[in-house]
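Those protein sequences? They're chains S and P, same order as listed.
Our numbering puts the first sequence at residues 1 to 378.
Our numbering puts the second sequence at residues 1001 to 1378.
A portion of the hints provided could be inaccurate.
Residues from chain S that keep clear of chain P, each with C-beta distances beyond 12 Å, as calculated [what the hints assert, rightly or not]:
no.: 1; residue: Arg70
no.: 2; residue: Glu141
no.: 3; residue: Tyr288
no.: 4; residue: Glu305
Simulated DEER-style distance windows between Cβ atoms [said to hold, decoys possible]:
no.: 5; chain 1: P; residue 1: Val1170; chain 2: S; residue 2: Lys371; range: 50 to 60 Å
no.: 6; chain 1: S; residue 1: Pro374; chain 2: P; residue 2: Glu1109; range: 31 to 41 Å
no.: 7; chain 1: P; residue 1: Asn1245; chain 2: S; residue 2: Arg59; range: 55 to 65 Å
no.: 8; chain 1: P; residue 1: Val1170; chain 2: S; residue 2: Thr329; range: 51 to 61 Å
no.: 9; chain 1: P; residue 1: Ile1004; chain 2: S; residue 2: Asp37; range: 21 to 31 Å
It should be emphasised that the hints constitute simulated quantities derived from the structure, not laboratory data.
Backbone N, C-alpha and C define an ideal beta-carbon position, used for all residues, glycine too.
Protein chains: 2
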Amino acid sequence: MPEIAKGLEGVVAAESRICKIDGQNGKLYYLGYSIEDLVKSCSFEEVTFLLLNGQLPNRAQLDEFSKSMRSQRSLPDPVVRMIREFPDRSHPMEMLQAAVLYLAGYRAEGNEAADPNDCRKAVHLIAQLPTVIAVWQRAREGKKPIEPRSDLSHGANFLYMLSGDEPGEVIGRVMDGCLVLHAEHSFNASTFTGRVVASTLSTCYSSISAAIGALYGSLHGGANERVMEMADKIVEPEKAAEWVNRALDKKEKIMGMGHRVYRAKDPRAIIIEEYLEELTETTGDAGYFKLLKEVERTFRERMEEKGKPIYPNVDFFSGAVYRMLGIPTILFTPVFAMSRISGWLSHIIEQLEDNRIYRPTAHYVGEIGKKIVPLEQR
Amino acid sequence: MPEIAKGLEGVVAAESRICKIDGQNGKLYYLGYSIEDLVKSCSFEEVTFLLLNGQLPNRAQLDEFSKSMRSQRSLPDPVVRMIREFPDRSHPMEMLQAAVLYLAGYRAEGNEAADPNDCRKAVHLIAQLPTVIAVWQRAREGKKPIEPRSDLSHGANFLYMLSGDEPGEVIGRVMDGCLVLHAEHSFNASTFTGRVVASTLSTCYSSISAAIGALYGSLHGGANERVMEMADKIVEPEKAAEWVNRALDKKEKIMGMGHRVYRAKDPRAIIIEEYLEELTETTGDAGYFKLLKEVERTFRERMEEKGKPIYPNVDFFSGAVYRMLGIPTILFTPVFAMSRISGWLSHIIEQLEDNRIYRPTAHYVGEIGKKIVPLEQR
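I would like the entire structure built from these sequences, with the hints used as guidance.
And the structure:
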C-alpha cells in the first residue's frame, strides 16, 4: 500500500517567496518584511502593492497605485442589483464567491488569459470587494448603498460605506491595520485552493472565487465569530473566570486559543490586542477588553498548571475589534476575504510564473469488475 | 532543502472507492462497474444514484430518484433573470460557477451543513445545471427560455431545452451516454479542488462552484474545443492527411491524442467513436467522422514510424459528437461540468465521510528581516 498523505500534511507542494511564518519565534514576514513593521509603516494599499509586485512602491508608484485602486471602488449597476437580489437564505460568503464572477464580466479588455500581468490588472477586484460587502449589508438592513469615497483609506472607506459616517482617525487606522494583518499567511486551504484552480490556467476571477469558497468553511474562516459567541454567553467580565473554569472542567474548547503553526505567541494577536486597547480608550467602552483579558488570564493559569503554555491567536481579539468598529458578526469572514484577497492574488501570480497543474492521485480501495444486475432483479 | 512535490505529482492524497482508472489495460470503473457496462445499461440518472449512494438503485429507488431529479429541473425566476443578465463578456463557465452559488440560496431547509446527507440533498443542483446552461445559451441567441420536460431523460431534456425540438431516440441516447462517460474520472484538478474546499467544511455549493472554476482552465477542460478548431482548419477529409503531416513536420501538437494516464486506448474514446459513427448513420452526414478518422490514421502512421503508439483520447471525438447533437462549441466545457458534477458530489461526500483539511506547506525561498525604507527615500 502506498503512503497516504492525508490532508497533504507534511507535503511541501511548492516553493514560495511570499510569506514566512516562523512559528517557533512567533514571527511573520510578507516578502521579507516583519508584520510589526508593515502594520506600523504601510497602508493596506501599500502592502497590496508589495504582495502583487514583490517590492514596496516608491512615492510615485504608490500614488499611481492608490489612485487606480480608489478610482475603481464603485460597482457597475447590474452588479449592485445582483448583490441586492441575492437570495436571502444565502450566506454573504456565497454571495461574495458569486460576485467575484459577476465582476469578471467587467474586467479590462484583454484581461482574459491566465497571465501574471493580467492578474495584476485584476486589482479592481481588491478595490471593489469592500463595496460588494457594504452593498450587501445595507440591502439586508433595508438601506440604500453608499457610494465609496476616494479620499479615505481602503479600511476607512469600508466603514464609511457600511454606516455612512466618516470614521475617526483611530477607527480608520485600526481597520486598515486589520486588513494588513490578515492579508497573507502562506499556504492554507483557501490560498492553496486559489493556486490549484490557477494551475489549470483558469482566470484569476475563478481562482479567487474558489478561494473564497474555501475560506467560508468553518474549519478555516469563522473562528473569531465563535470567540464572540463565547463572549456573548459570558456577558460580564466578572463572570469570565468562572465560565472558563467550568468549560475547561467539562473538557470544552476555548475558542481563539492556540495555533497549529505558532508555538510562541501569534505576532498578529499582540498587535490586535493593542488595537483593542486603543479602541477601548477611544470609545471609553472597556467591556470586551476586560472580558477577553479575563478569559485569557484564567485560561493561561489553567494551562500553566498543566505545564503547557497556549497563547491567544489572532482570532481571539479580532472579533471584539470588529464589533467595536461597527462591523456585524456575519461580516467577519467576508472582511477576512476582503483582506486575504491580496495574498491570494499574490499566490496566483507566483503560481503562474512557474506553473505545474496540481494533480495528486488517489489510492483506490474499492472493487473492480462488478457485474451489473439487471434493474428488475436488484 | 525539503523534497518538493511540484504539482503534487506522485503524491497520494487520499483513499477512494469511487473510481479506478486502469491505464495499462485501458479500463475505467465507477464503483467497480466498467464504463462499457454502465454506458450500455444505465441512464445518467442511474449512474448519478450510483455515485452518490455507492450502489446501483433497485426499481423503486430509481423511480423515486428519477422523479425527484426531474421535478427539480426548473429554475426560480430570480435565477433565470440572473443568468440572462450575466455580463456579456463573461464565459459561460464563469456564469455556471456563479449560478451554483445563486442556486445555493434555494436549497432545502436544513441543508446548511457540510454533511454527506446534506450533499445528497443537493441533487437538485445536478438536475438544474442543464437548465442553467440552456437558459444562458438561448439568452445569447435572443430567445426565450424553454421549460424543462419531465418525460425526457437528463440528456434528451437538455437538448430539448436548447432547441425546442424533441430529440430522436439515437440523439437522446447518445447525449445521455456522453454524460455517463464524463461523470467521473478519479482525482484531477477540478475534483481535487472540490475536495479541498469541502475539507474546510464549506457547503457543497461552494465546493462545486470551485470545482467548476478549475474545470474552466485550459489545461483541464476545453481540449475537445481545440480538436474542433483543428477540424475547422482542415475543413475537408481529403486534406486531413496533408494537414497532419505538415503540422507534425513543424513539431506542432495534434489535439485529442494521447492521455497522461491511459497507455492503452482510452475506453471512453472507443465508445464515443461508436457514437459518432451512429450519428453519422442517423444524420447521413459523414463529414466529421471521415475527417477525424483520417487525422487519426495519419497520426498513427507517423507515430508507428517512431515506434510509439499514441491513441485518440475521449476529447478527440467528443467535440464532433456534440456538434452533431446541435451543441455550440462554447458549451462544450459547460456540458462537461453538467456531467462531472455527479462525480464531484460523490467525491465531496467521500471527503466529508472521513475528513481532514488539506493543508500542504510551502518551502520558503525568500529573504527575512528586511528593513522598511521610508517611503520618501525609496
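Quiz item: Looking at the structure, which of the earlier hints fail to hold?
Solution: 5
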